[in-house]
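Undergrad: Residue numbers (our numbering), protein chains in the order written: chain A, 1 to 468; chain B, 1001 to 1179.
Please keep in mind that the hints were generated in silico from the structure rather than gathered at the bench. Keep in mind the model is a prediction, meaning the values are calculated, not measured. Just so you know, not all the hints are guaranteed correct.
Straight-line distance between alpha carbons at most 30 Å, and here's what the computed DSSO-like set of lysine-lysine pairs gives [what the hints assert, rightly or not]:
#1 B:LYS1160 to A:LYS356
#2 B:LYS1079 to A:LYS356
#3 A:LYS281 to B:LYS1079
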Amino acid sequence: MTALVRSYGDRSLRSLVDLDRGLVSREIYVNEDIYKMELEQVYTRAWLFIGHESQVPNPGDFVVSRMGEEEVILVRDRKNELHVFLNTCRHRGMKVCRYDDGNTLVFTCPFHGWSYDTDGRLVGVPYYDAAYKGDMDKSEWGLPEVAQMCNYYGSVWATWDKGAPSFEDYLGPYADMARRVFQSTDGEDNGVELFNPVYKWRIPCNWKFPGFSFDGDRAHGAMTHRSINVAAIGPQGDANGGNRSPLLAPFPYTDYEMTVPELGHGGHNAIYDQPGVAPYKDTWFTEPGIDDYYREQREKKREKYKDKYIVGETAHIWPNVNIQPHRILIWHPHSAGVTESWRAYPIDRMAPQFVKDAQRRYMMRYGGPCGLTESDDMENWNYASAASTGTVAKRFPYNFMMGAGHAFKDEEGAPGMTLNYEVAEENQRSRLRRWLEFMEAGSWEDIYPVNPVSPSAGQAVKAERGTV
Amino acid sequence: MLTESSESTLERLLLREEIEQFLYYEAELLDDRKFDDWINLIAEDIHYHMPIRRNVKFGTQERENTSSLSEISWFDEGKRTLAGRVRQINTGLHWCEEPFSRIRHIVSNVRILEVNGDEVRVNSSFFVWQNRLQDEVNLFVGRREDILRRDEDTQWKIAKRLILLDQNVLLAKVISTFF
Ligand code: FES
Ligand SMILES: [Fe+2]
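Construct all of the structure, not just a fragment, from the sequences and the given hints.
TA: Put into structure tokens, the structure is as follows:
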């Protein structure tokens, strides 16, 4: 703690994050000590995205994943139970698994040969009888397992903290939205699988650049992505000016920045003026047959949801995951100045192969390190991070003022949520707010149950929908 | 050697020379940022595929490179998308290549695997250096397996390209060049 205080002067963390005025010190994005503190305060406590059950369909299947800087193994044991283990041998720390995925009976450590069952138990120790002479109880030396794991409609999440609330409570008002992300396009629960494998790549920027801005920075699109339409990568090809996104025909709606500031989650979400799901609009002009599939799926979903008011389609789950119907984005901290970005693509499990292929190819050309859209995000995050480390640069706080003090509630349209104009920085402030709470907390008891946050004074409780 | 006439030996050497020169020419177009000329070397039906390389257990190496049939790859596309990439760079607004990086493609280990009518299957290794802005450096090393097709207009067209990049986690933030 002493070193920490010294490396950014005698200022408290709270003084670095002034959300009422929208001023945030660059220090929290570049300081090494603050970064190390995040690994402890944020990444050993928060619920983190691990993967999806479809990655490990059979007993003995495993895939490596990551929590913060550290590698974990998602494995299905012989009794069909899922586990998440830290990938380190209890003897001298060697990685017990150096494959990306596969199927195994045991994880045998290549250093001295300790072996662990797929349920984590230490089952084999060379020279056990001869050399340990019964002094060591093997049952105490299994693989380190997460404190809590949740299979949420097929998606797997975990935390190292026993004191964390349940995953559903952690999601709060976003539980419903998160559930829908893992439905197939006909509205069936547990309806998707992930394409294999996930993209993994390194971006030279602090994890909060993508992690705290994605789905909360609509202002960047027009400038960052100015060059994309000319490439016409969207399903509709050259139609609609080559727009990179599918055509949509939603019911009349208003788009907001929507967030739960108490929990840090949020996204760009719409409130529709009528219940149910809008009819499908044809958009796959480049490939025959795809629209027929999606239209049929949509009709089934419309039937299921015809009386229900739907809010939003995507959710940013604090701290570092964004889940959307066709993509899951994860930004792992790798060092203060490097993010290891992961990207997984869900697809309707029951979709015909040609639909899966079309969707897969669209996702590959859209995003990730080789996608045409996001390469320009990466350049901006990289050099924004780089130009923030200077002694003089750090004297100038980042400007998070956009829409500050103009948030409002609409309990009827979006219960529990805080709203702002669709181009605002409400979500980013919300994530920073929760970040500060985690960084200052002694334990989960200090940060859950949450204290309600009311929109800043000076703003009407509810603005008319459609007029903001 | 004894079974081969000197005539066919000469033919083979000339073909290799021609293929090598073509691959060096292609590399030069990319390094000189003549993307419109480069895309003109791409056949209409190209499959341009850079799989992800997995760490897999001995005996399951057939799973090492992701399949273009059902899995995710770094690149898995045809000319339409490649041409889109060229148009995007040519806007001057594609920030990850504006200003241009300094990129050099070193091509070597050229080996003809098969001649089949007007098509040649050829292996080559690449070492690509990228220096961006002041001090950003990315290195891409790997092997390509191409099918080149004779063409009246450009001598050869690239009809198929498999690119095996020797990385697992991609260590560059983006891949903004072609291979
Ligand atoms: S480190 Fe694993 S057996 Fe020794
Ligand atoms: Fe973007």
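Undergrad: Against each hint, give a clear statement of whether it holds in the structure.
TA: Hints and how they fare:
| no. | hint | in the structure |
| --- | --- | --- |
| 1 | B:LYS1160 to A:LYS356 | holds (23 Å) |
| 2 | B:LYS1079 to A:LYS356 | holds (21 Å) |
| 3 | A:LYS281 to B:LYS1079 | holds (27 Å) |
Going through the hint list in order, the structure satisfies each hint without exception.
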